[in-house]
Structures are given as C-alpha cells and as structure tokens.
Amino acid sequence: MDDATLAVRARGITKCFGDVVALDHVDLDIAPGQIHGLVGPNGAGKTTLLGLLLGLAVADEGSLEILGAPVAKASGVAGFVDGPGLYPSLTARKNLAALAKLRGLDADIDEVLAEVGLADVADDRVRGFSLGMRQRLGLAAALLTKPRLLVLDEPANGLDPAGKKHVHGVLHRLAAEGSTVVVSSHRMDDVEALCAEVTILATGRVVFTGPLGKLSSDDQELDYRLRTSDPSAASRLAAETTGVVVVDGAELLVVRAMVPALDALMSRLIGAGVAVRELAPVVSPLEAAFLDLTEQESGR
Amino acid sequence: MTATVEAAPVAAVPVTRGYRFELVKLVSQWRIRLLVLACWLAPAVFVAAVSQQSDLPTDTLFGRWMNITGWAGPLVMLGFAGVYALPLLTSVVAGDVFAAEDRLGTWRHLLVAVRSHRRIFVSKALASLTVILVLVAGMAVSSAVGGVLAVGGQPLVGLDGHVIAPADAAGLVLLAWICVLAPTLALAGIGLLGSVALGRSPMGLLLPAVVALAMGVAQMLPLPVAVRLALPSYGFIAWEGLFTSPAQAGPLVIGIVVSLLWAVLATTLAYLLFVRRDFTNLSTDGTSRRALTLGALPLAGLLVVTIGFVAVATPSTGSGIDQDKVQQSVATAFAHLYRLQTRQLHRPDVTEEQLATTVACTKGDGLVEPEGPGNDWRCVATWHLPGTTAAGQAIYQLDVASDGQYVADGDGPKEVNGYFQVRTPDGDQPNPLWQFDGHIELLSKG
Numbered sequence: 155m156d157d158a159t160l161a162v163r164a165r166g167i168t169k170c171f172g173d174v175v176a177l178d179h180v181d182l183d184i185a186p187g188q189i190h191g192l193v194g195p196n197g198a199g200k201t202t203l204l205g206l207l208l209g210l211a212v213a214d215e216g217s218l219e220i221l222g223a224p225v226a227k228a229s230g231v232a233g234f235v236d237g238p239g240l241y242p243s244l245t246a247r248k249n250l251a252a253l254a255k256l257r258g259l260d261a262d263i264d265e266v267l268a269e270v271g272l273a274d275v276a277d278d279r280v281r282g283f284s285l286g287m288r289q290r291l292g293l294a295a296a297l298l299t300k301p302r303l304l305v306l307d308e309p310a311n312g313l314d315p316a317g318k319k320h321v322h323g324v325l326h327r328l329a330a331e332g333s334t335v336v337v338s339s340h341r342m343d344d345v346e347a348l349c350a351e352v353t354i355l356a357t358g359r360v361v362f363t364g365p366l367g368k369l370s371s372d373d374q375e376l377d378y379r380l381r382t383s384d385p386s387a388a389s390r391l392a393a394e395t396t397g398v399v400v401v402d403g404a405e406l407l408v409v410r411a412m413v414p415a416l417d418a419l420m421s422r423l424i425g426a427g428v429a430v431r432e433l434a435p436v437v438s439p440l441e442a443a444f445l446d447l448t449e450q451e452s453g454r
Numbered sequence: 173m174t175a176t177v178e179a180a181p182v183a184a185v186p187v188t189r190g191y192r193f194e195l196v197k198l199v200s201q202w203r204i205r206l207l208v209l210a211c212w213l214a215p216a217v218f219v220a221a222v223s224q225q226s227d228l229p230t231d232t233l234f235g236r237w238m239n240i241t242g243w244a245g246p247l248v249m250l251g252f253a254g255v256y257a258l259p260l261l262t263s264v265v266a267g268d269v270f271a272a273e274d275r276l277g278t279w280r281h282l283l284v285a286v287r288s289h290r291r292i293f294v295s296k297a298l299a300s301l302t303v304i305l306v307l308v309a310g311m312a313v314s315s316a317v318g319g320v321l322a323v324g325g326q327p328l329v330g331l332d333g334h335v336i337a338p339a340d341a342a343g344l345v346l347l348a349w350i351c352v353l354a355p356t357l358a359l360a361g362i363g364l365l366g367s368v369a370l371g372r373s374p375m376g377l378l379l380p381a382v383v384a385l386a387m388g389v390a391q392m393l394p395l396p397v398a399v400r401l402a403l404p405s406y407g408f409i410a411w412e413g414l415f416t417s418p419a420q421a422g423p424l425v426i427g428i429v430v431s432l433l434w435a436v437l438a439t440t441l442a443y444l445l446f447v448r449r450d451f452t453n454l455s456t457d458g459t460s461r462r463a464l465t466l467g468a469l470p471l472a473g474l475l476v477v478t479i480g481f482v483a484v485a486t487p488s489t490g491s492g493i494d495q496d497k498v499q500q501s502v503a504t505a506f507a508h509l510y511r512l513q514t515r516q517l518h519r520p521d522v523t524e525e526q527l528a529t530t531v532a533c534t535k536g537d538g539l540v541e542p543e544g545p546g547n548d549w550r551c552v553a554t555w556h557l558p559g560t561t562a563a564g565q566a567i568y569q570l571d572v573a574s575d576g577q578y579v580a581d582g583d584g585p586k587e588v589n590g591y592f593q594v595r596t597p598d599g600d601q602p603n604p605l606w607q608f609d610g611h612i613e614l615l616s617k618g
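Heads up: the sequence lines are chains L and R, in that order.
Here our numbering is used: the first residue of the first sequence is 155, the next is one more, and so on.
Here our numbering is used: the first residue of the second sequence is 173, the next is one more, and so on.
Keep in mind that a hint or two might mislead.
To be verified - Rough simulated footprint, nothing fancy, chain R against chain L, three-plus residues with beta-carbon under 8 Å:
| id | stretch |
| --- | --- |
| 1 | 199 to 211 |
| 2 | 229 to 242 |
| 3 | 252 to 265 |
Because the hints were derived from the structure by calculation, they are not lab data.
By construction, the Cβ of each residue, glycine as well, lies at the ideal position given by its N, Cα and C atoms.
Put together the whole structure using the sequences plus the hints.
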C-alpha cells in the first residue's frame, strides 16, 4: 500500500521513561478502514503507543504519521487511553454537550447517545454509571468528533456480552464507512471478533503484525479438550495415533497435536465407534500464538 | 448516528471555550455550589445576627461598632476571611482544579480534546479565579447588605478615632475588600502550584491553607517589619491602614505589590511544571522533587529578595513599634474620640487643636525598653478644654500586637473612660473612650 494512504505509519518509534524503554524502534502500518488490534502483556508498551497516536506525548526517536500528516498536525483523531475521561458531577448529556462546546462542534448529542445505547440514561449523572456505561459514554465522546482514526484502550472493559456486541457493531460500522479503529485489548477473543489485523507487542517491541489468519495456522501444535462416549478407548487410540500426545487423561482427555494428526485421531475414533461429544482448543489458536510470541520475546 | 470520514477540526481549542468548559465543571460540583451559596448568604445572616446582640465581638477589629453602623460588619467579616475563609476557599477551588483531573483520571481525555497544555492551564487558572472572585464578592456584598439592613448605614469610626461619613465608609469598605484580592490571588497561585505539583496528595489541596496558617503565625511573631511586609499574608491586614487619616498607604502598597509578585511567580511556576508534565507516564512524574526545586525554592528566593528590598527602601528595621509612634497614635485617636463623646453628651464642641492632647507611654512599668509589641504598655493622655486651666488626664492599658494594631483599655477616671456606656440625653450609648482600637504605622518614623 502506498505510504501516503496509510492511516498510521510509524517508523523506528522509541519512547523512554527515564531508564525504562517503553517502545523500542517500533514500525507499524495500519491501513485505512481497518479495525486493528493492539495486544501484548502488561508493560508491553500498548498504552504508550496509543498515547503517541493520540498526540499525548512525543516519541524520543522515529517518525509517526497519522492519515498522511505528522502526528503533531494530524486531524480527525479521537479516542481514549486508560479509560474514558468523564466528569461524574455532570450527566451523560452534559458531558457530551460540554465537550462539543469545547471543540466547537455542532453535534447531535441525542443521536450519539442513542448510537452507543445510552439514550435512556442521558440525563443521569455519570457518578452512578457502571464501568460498561462509562466505556460506552467514552466511545460516544470520541464519536462526537467524527474521527477518521479512533484509538480505544480496552473499549470492552466492563461491558456485558450484549454491550460488547453493541460496541463491536458500532466499531464495525465505523470501519465500513472508512474510519480506522485501533483497539488495545487483553482479551484475544475480543480481538478475534473485532479485528482484521493485529499487532503484538512485547517489552516495547513488535513481535508480530499482520492479518489474524497468519497468526494461527494448521502447523501450530495446540492442546485440545476431548470429550467422548468412551474416555478409556479414546485415550488409548490417542496414544496410538502418530503426532498426538496425551497431556492429561485422568478426568478429561487433553491431547496435544497439529491439525492433520488431530484429523487422523478423529477418523480412528469414529471408526472404533467412539462418539465425539466435544473437541475444543484449551486456549484459542490466537491466544496460543500470542503466548508463544510474547514468551519468546520475554525470554530473550 | 451516521459516522462519516469527514475530518474534524484539530486546531487547539480557544481559551474562551476552554474557560467555559472549566467553569461548567467547577460549577457542577456540589461543594462549589454550596460554597457560593454560603458566601452569598451566611455573612449577611452572621452580621445581622451579631449586630442585634448586646455582647459584641470586641476582640475583633471594628467588632465593637457592629451595633452602631452597618459598615462595621463587612470589616469584621474581612478580618475573619483573611485568617480563615479565603485560605480555605482558595484551597478548595484553586488547590483542587488540577488535582481533580488526576483524581478522575481525565487528563488524557482533556489533552486530546484541547490539544494544548498552555490553553488548559490558562483556562483552568481563569475559571478558578472567576469562582474565587464570585465567592469573595459574595462575602463582601452579603456582609455589607446584612450590616446596613440590620443596623443602617451610619458613620463609621476609623482606627484613629476619626468619624468616616457613610458614603466614604462604603467606599473604604469596598476598597478594603478589593485590597485583599491581592493576597487572595497569591494564595490562589500557591493553590495552583500545589494542585499541579502534588496532584492527588491531600497536601496539594491544603497547600494554600497551610501556607496561610504558617504566614499567619509568622505575623504574630515579633519579626522585623521588613520580614513581616515581605510575606504575602501582610496583605490580609494591610487594609487596616485605610481606616486612618491620612491612610497608611506605604504598608498597603507594599502588601499588595508583594502579594501580586507571589501570585505571578507561583502561577508561573505552576505553569512551567504543568507544561513539562508527561501525561503518558503517570507513575514516574517525580512531582515531589520538582515541587521542591521548581516551587518552594523560587518562592523562598522571592521572600529573601523582598525582605532585602523592603529593608533597604523603607525605615523598617526592628519591630516598627516605638514609644513616639505609640504616643502619637493614642493621642490622635483619643482626641478624635473625645470629640465624639462630647457630641454624644451634647457638650460644646471642641477641636483637636483646642484639646492639644499629649500622651505619655511606658512599657513594663518603665522597667523595659519602650519598644515593640506587648500588653504591658501604659499610657496617660492629657488634654485641655477651652476656658479652663486644669488639664484632664486619662489612663489606658494598651495591648499592642506585632502588626501594629492595638486595643486601648480605659483605666479611669470613670467619668471619661471608666465605664462602657455614657449616659446621654437620648439614653445610654457606648462610650467611645472606654475601649478603642488603633493602628500604628509600622513604616513611619516616630
């Protein structure tokens, strides 16, 4: 992709806090209209990177362009890090109205509140809001500015499944309309449900960036939970199958295998008349890849 | 909502909009609303209630006149405000205006919205200043209205005993409240500095109150005049010089200038700390050390420079209280108040020149040097009446405070100053010579 059309283009970004290197020569490309996940263990540098995207701090080294402009001159960026900034003594509506006035925006507050599902509590003080409601209101505050790049730190924190689905729907719609969304998350299932591409950070470095499909592949050895009609026969057949290792057979059968070996085991189980009631990875492929990559980086 | 990819404006938010935003946030807080209500109502109720009582707060400046004139009430309130109310108000408003964002975790949100540290600082400083001004104005207006409605706008007796006409008294009361805005701004600057430097720490919130308390204690100590005047807290008492004739303008001007210098320096230091703060790394901001180097040391430097300047530019060595000044001040006040008593008793009027009052004062029964504050001053006033050869004499025990304010307590003869009331044809009235307040100008030459 042409660099000029990228929503985010980072080259050699380094940011230190005293002796602590928060980001270490980070390169990052994010295409417009994409929902991009930013994941990593605590202290990996996610919040620092999001802060740089929002213009809250300046990198010590490297260049960062947002929507084709240097970050200091970038327009159309909104979002939050470390939770949404809201004023508890104001109602939801007044929080947004004050922000709109501050930014000189002629925004339809009711429409934005409805967009995030808070129309019913528009006139309630934020003091009484749950974490999930605050997250939604934080999203609404970001949407007020009609951002071209939306940067969200853990937007699903505190949301119930319905709320999470609602927020995901809003973000998907934004992306479909051409805006770029960068979200950080600790939850790999959220990233899988939301993002087309992901960047994994560990100890301030990028250890992976690209489509999710590249991260989880058939040649990845995973642990699977296997529930059958005959556990002892299943355990025996698993032990006899090439490429399959029985990790735990005491109560619930757990086997470690790549996908082809797992296919062979399934065929043998069916051939032996053993019914398979459940087959599921103990950790998701994405999470396994994440743990693998970040542990490798931490071990260096 | 239909989100579009149209670019939103990104330019830094103008200060006017930021100011309005900060004002909305401040006014939305219950404690600020409560304070505004209290400052606009409580002084009126207090002054009106106290003015109706026979037992007046005579240990407070102008307190003894509260049931005589409504203009005494706002001055009693001013004395109280300088010691307690204004430091606490600046703590609650200026001391919290930055710390509140730390507490709520809203800094990053604000920075993303405004995109300018400088404009955020200016907006917050102006908004907190506005609220402080509203609170101070409330106390001034409320106490004056309460006093005038309860007692009426009669003439006020000044600190040298001269009678101030109602219109002049109103103007002086207003001026006195305006004068204390300078030290209030100094405390507000210190509040901003504490709020920026110490953040959520309770010490950040309480800094103006703690500084005011420390400086108030310093004002009570027998410090040299130069040190006393170099502290911004002197501005809270310098207004007393307005109520003598001529006004004691020197200490007043110095008090105001020093206070404004503190306000500017403290606010500038707060600004420098704020614009250098890294908001992506809240855990390692090292505020304590910076607070010491960027906050306390320059202010201490300003104090030293100011002490040196005042010491060189004015006659300010020692306590500023000596025998000549005490005698002169008591003589002037006595002569003015004697005329007032004469009018109360419907006796033939006399002038200060005809009375030719002289006062002889000693300290510690003459066993100590007649200099400095203390409650062991004893003065004998001598005066003459036209047409008589004998001179009248009255004795006073003086309690002189280190800021130059004193209370003269009559010690006889009983016909002149021995009883708290005088019997007049119109009934009993307070005896102006029984006990009176005065003020010695610390900078004048005896």
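Any hints from earlier that this structure breaks? Give me their numbers in increasing order, please. As far as the earlier hints go, not one is violated by this structure.
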